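Asker: Chain by chain, the residues:
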Amino acid sequence: MSDILPGDWEMVIGLEAHVELATKTKLFCGCPNSFGDEPNTNVCPGCLGLPGGLPVVNEAAVQHAMRLGRALHCQVNPSVFARKNYFYPDMSSNYQTSQFDKPTNTEGWLELADGRHVGIERAHIEEDTGKTTHVGGGGRIHEAEYSLVDYNRCGVPLVEIVGKPDLRSAEEARQYVVELRSIILAVGASDAKMEEGSMRVDANVSVRKPGEGFGVRCEIKNLNSLRSLVRAINYEARRQVDVLESGGSLFQETRHWDEEEGRTNSMRSKESAADYRYFPDPDLLPLAPDDDEIAAIDEAMPALPAERREAVRNAGASSEVAALMTEKGVDTLAVAAIDQGAQPERVFTHLEHNVPAEAAEKLSVADFVELINLETSGQLTATQAKAVLAEMIASGNNPAAIAKARGFEAMESDELEALVDEAIASDEAAWEKFKGGDAKVAGVFVGYLMKATKGQADGKAVNALLRQKAGL
Amino acid sequence: MSYSISREDVAKMAKLAELRLDDQELESFTAQLVQTLEFAEDLDQAIVDPLPITILPLEGVNVMRPDVVVQPLPREALMAAAANVEENQFRVPPALGES
Amino acid sequence: MDATKLAASVRSGEKSAAEVAEEALARIEAQDSTINAFTALNGELAEQAQAIDAAVAAGESVGPLAGVPVAVKDNIVTKGLTTTAASRMLEGWIPPYDATVITALVNAGALVIGKTNLDEYGMGSSTENSIFGPTKNPLDPTKVAGGSSGGSAAAVASGMVPLALGSDTGGSTRQPAAFCGLVGVKPTYGRVSRYGLVALASSLDQIGPMAATVADAALLLEAISGHDPLDTTSYNTPVPAFSDNLDEGVDGLRIGLVSELMGQEIDSEIVERTQAAAQALREAGAQVEEVSIPSWSLGVSVYQFLMSGEASSNLARLDGVRYGLQVSGATSAEMMAASRSAGFGNEVKRRLLLGTYVLSAGHYEDYYEKAQRARTLIINETVDAFGHFDLLLSPTTTSVAFRLGEDRDPKERYISDMCSVPANLTGAPAVTVPFGRNREGLPIGVQLIGNSYQEHTMLVAARTLEATNE
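Protein chains in written order, with my numbering: chain A, 1 to 472; chain B, 473 to 571; chain C, 572 to 1041.
Just chain A, same shape as in the assembly:
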């Protein structure tokens, strides 16, 4: 059931992500892999599709692909490059060298922030295409006067990650992309920026009633942000339900998301199913990763988001808090502090509300632990602790020094009690009311204390003393 769809209709989503790898050069030639340069300045006979050009695969691209595959728990296989044949001006040889029936990575999964697993069918290596700009007619393809082609991007290495259709809502899809992106960043494979095109996501959407098999799916393209992703999926699922409920039928097609109009449109591209005539590329030799190589990749694998979340959960956080800590990047600090005895609740609260993400790096674990302990032992009030923390971040000084300098030192209990007695004596009428059970009137005495100590008194301790003296 979904809030977006009427009745008991269910949406089924599988996402395909194309990720541009962070290599210095292209997949099959030594041209620079660089975004934003003057058009056609990063091209050579190979990537420009000149007669006689030949490909030689970039070893860094292969490394990235394997590492990304292992981070997604995939099996890394011997692989063969295959040509996908079709004509389009942005493909300089009119075939795209990709992987077909023998891809580098297969059968993996990733864990969403809420703990659910989503299957990954495959993650294979392929080359990117050039960029076509349509001129005239408002930039819309069908009214264009002509097109211009820049091949700087042609040949840039990509990993295409095909997720299984395990997602059931646009929100889950969003989580999937966020998680995928943080994994990609963690292994350094790409900067994966949707807005810049270094990560492109297409959504395969279908609908069904519970218990039915998969319905006809449509592929949605042109999703340039997470917001578009969510809007487009919801729109498309609803569109499909509307078609089916009004007795119409759907056919498998690619649709273009129009962000302005908030709808998907059928793409009037070439007719019916394209025949790509995949065959193994006879200009390239197979890749055969060996076990030692894969073991080395596994060994050197940095802590991935799912692991990090688990560590925070093990330190006493709920799933939500663990996800939050990890996404913010303060999880390592949290876990280390709690490991050294700091009270978890205070750790999580401060890290969530009082420590900006960038500041976490500057905080030493020892100092942070000391601060938490000062608070939990009563030497600092919550307000004071917050102030000290802010100054720790700004100045880098340790909490004890800061507390002393600001006069936040803990009051002796005698001192406090003496002040409480003074407060009581200052308003006997209020004291009678308090002793009689009027809790609100305690504010008089707390106010007196705060004035007398210039706000340094620990409110909780004062209230405890008042009750004690009143015999409540």
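To be clear, the hints were calculated from the coordinates, so they are not data collected in a lab.
Some hints here could point you the wrong way.
[What the hints assert, rightly or not] Computed list of lysine-lysine pairs in BS3-like fashion (alpha-carbon distance at most 30 Å, straight line): (1) A:LYS451 with A:LYS435; (2) A:LYS102 with B:LYS487; (3) A:LYS84 with C:LYS920; (4) C:LYS650 with A:LYS24.
[What the hints assert, rightly or not] Here are some, though not all, of the chain A residues that point toward chain B, as calculated from beta-carbon distances under 7 Å: (5) CYS31; (6) VAL43; (7) CYS44; (8) GLU59.
In this text, all values refer to a predicted model and were calculated from it rather than measured experimentally.
Just so it is clear, CB atoms sit at the ideal spot from N, CA and C, and this is done for glycine as well.
Guided by the hints, dock chains B and C onto chain A, whose structure is given.
Answerer: Chains B and C only, in chain A's frame:
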């Protein structure tokens, strides 16, 4: 099963190969291809399962190059042979359909 | 005119490269209007020759091919010099880079004198499918020079130049060499870089030398061989000194005469000459016996499917967008279709249609993939044969040079590559050496096929055969 090709198939292949054929050519090429495929009957009859495919008559795996920039040739040299250039890009009639 | 001797005389200063160049150009001027071997001549030849002479004078080393004019098939990319592949699509195209073999030639001191005629993109066996018109056989101008490297063969056979480069996908260096009475070599697949060769079939193509003598062919082969990091399919193995010890003889070598290539498909005079070659090798001390390699009979059909499938993909880049003929259209797709239809000849279109078909959905497994499995069979049986033999012997072609414009029987045309394709399918090196004439006086070539990377053994046997005719 016998190797052959229909006129329809030839027309489809022409589309896939971005070739325009008039009726006469379609007729003529179909006849020639039917004949060629008849001659290939020996392969049609041959039993080659379960032999694996050969992609290249060459042993070897993992032939790769280091991720080091090779200075591209100057743009003017690479674009000199283009029929139509505008703003340092290759100009073509509207490219319908997205890849 | 002996390339080996010529290079020696330029290196010693006895002859100047400038003189050599001038003389070659004069011969081309005198003969090529009839023969039509060349599609373009190098306008900077004089300067390049002068540079070699200056280097010789300065005592610098100038290389094993110093000052030797070499003609290059016009499907090998040459910077600053047109590379057309004999196609309207690439008419007038001046590449911005050199093929690796060109750099190798220049480093060896050779003079790239010009580009030679071919069948369009290498698709043909007669050098008649060309925008430049046909090339004539210098030994009989009513006959074809062969193809697809007919221009290179004619350039050498006429004496215009001592050396030429051809390319061989299914026999395209060897067949014209045989038709014109020359030595022609298809190296082991991976021996010579394909970077800069306008690809026909990537898993079959190899550039190779054509010359009047085995020694000259060996010299040129050595100069162009070697690992190229720009070509993934280039094999990383040292290049032996092919020209050394060519006269070491064939004593003790085991040579197999392939029975599948000695049947009634082959012209009887050619069969006879091949038997004579077998005998000559026996007399020189080799053990020659018949060997049967049954799967070699499938060779032509396997070749047709693999070659056309790969070619259909390799030629897709020729679309008028970045270079070449551009014919206008309302959309880019229409423009590409119009350009390709105007730019390609009929033989090219036929093979593109066939190639697209064998790769197409619903046909791939029965056609292209089946051919790939059959190729494994052919390779396996050939490897077995090389378990018992050092070399294989056969005719090079099914016929001698045929008449220009001849309307050959389609079946005969289909099987005409049967002797040459096994070497391309298996990757084995092969050489054709002239061994007599037929009754019309047309040359007959016999073929020796070596084990992978054993070109030297093959060349030694070729030299032995050559020597028996001296």
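Asker: To test your reading of the hints: which numbers does this structure violate?
Answerer: none
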